Amino acid sequence: MNGVSIWMSRGLHHTIHSRNLDSTLGERKGSFDTMRFAQLGRWKGHLQTPDQSWDISPESWGGSRDRSWGVRPVGEKESDGIRQGVSVMEGLWNYFPVDFEDHSIIYMLQETNEGVRELEEAMRVWHDPDRPTEWLGRPEYEHELVPGTRMLSGSVIHFLKLKLV
12 MNGVSIWMSR
22 GLHHTIHSRN
32 LDSTLGERKG
42 SFDTMRFAQL
52 GRWKGHLQTP
62 DQSWDISPES
72 WGGSRDRSWG
82 VRPVGEKESD
92 GIRQGVSVME
102 GLWNYFPVDF
112 EDHSIIYMLQ
122 ETNEGVRELE
132 EAMRVWHDPD
142 RPTEWLGRPE
152 YEHELVPGTR
162 MLSGSVIHFL
172 KLKLV
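Residues 12 to 176, numbered by this note's numbering, are exactly what the sequence shown covers, in order.
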């Protein structure tokens with residue numbers, strides 16, 4: 012039988028809850044009212060394809076879980092007038108969860124085409140539950156794009172309050 016049976020066996024830190032994201036479409040219509048959480052951890056289970064199978068163990072498999080919930084566009088379709096001149100998928104969305112030996116960094120950023128930040132998070136979360144989560148300041152990015160596309164060829168994220176020891 013092919014399939015996936017994998018679950019997070021050990022969270023490396025507590026879940027990080029983002030602030031509520033309330034986004035509108037145009038000047039009057041609410042389009043999103045959502046919440047989310049993120050957590051890095053270790054995974055356990057089994058993965059099987061027609062040609063191969065893998066045992067997933069926490070010693071060698073890590074990853075991120077990210078859940079969101081809330082109100083998204085619902086109901087009957089609005090008339091075309093509300094969407095004129097407005098792109099629902101506009102702007103920039105970055106999500107980089109990174110795991111290190113003793114901590115994780117959760118970076119999320121959503122900007123409009125005009126550069127307005129609707130969501131911004133940069134947190135260091137220690138795997139030791141007795142250490143407090145650290146806000147890393149306003150994140151700044153330097154993205155390099157593949158010419159003629161919106162695809163990244165490279166990126167550097169700066170955390171202004173990150174102190175490396």
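Where hints are given, some of them may not hold.
What the hints assert, rightly or not - Now the in silico label distances, taken between C-beta atoms and shown as ranges:
1) G126 / P61: 43 to 53 Å
2) H154 / F111: 36 to 46 Å
3) D44 / S64: 15 to 25 Å
4) E155 / Y106: 25 to 35 Å
5) G126 / G56: 33 to 43 Å
6) D66 / N124: 14 to 24 Å
7) R76 / E101: 43 to 53 Å
8) Q59 / V167: 16 to 26 Å
9) V167 / D139: 20 to 30 Å
10) H154 / K174: 41 to 51 Å
11) W104 / G56: 42 to 52 Å
12) L163 / D139: 28 to 38 Å
13) T45 / G126: 34 to 44 Å
14) G165 / E112: 41 to 51 Å
In short, the hints are calculated from the structure, not lab data. From a predicted model like this one, the values you see are computed outputs, not experimental measurements. All residues carry an ideal CB built from backbone N, CA and C; glycine is no exception.
Q: Identify every previously stated hint that the structure contradicts and give their numbers, smallest first.
A: 2, 3, 4, 6, 7, 8, 10, 11, 13, 14
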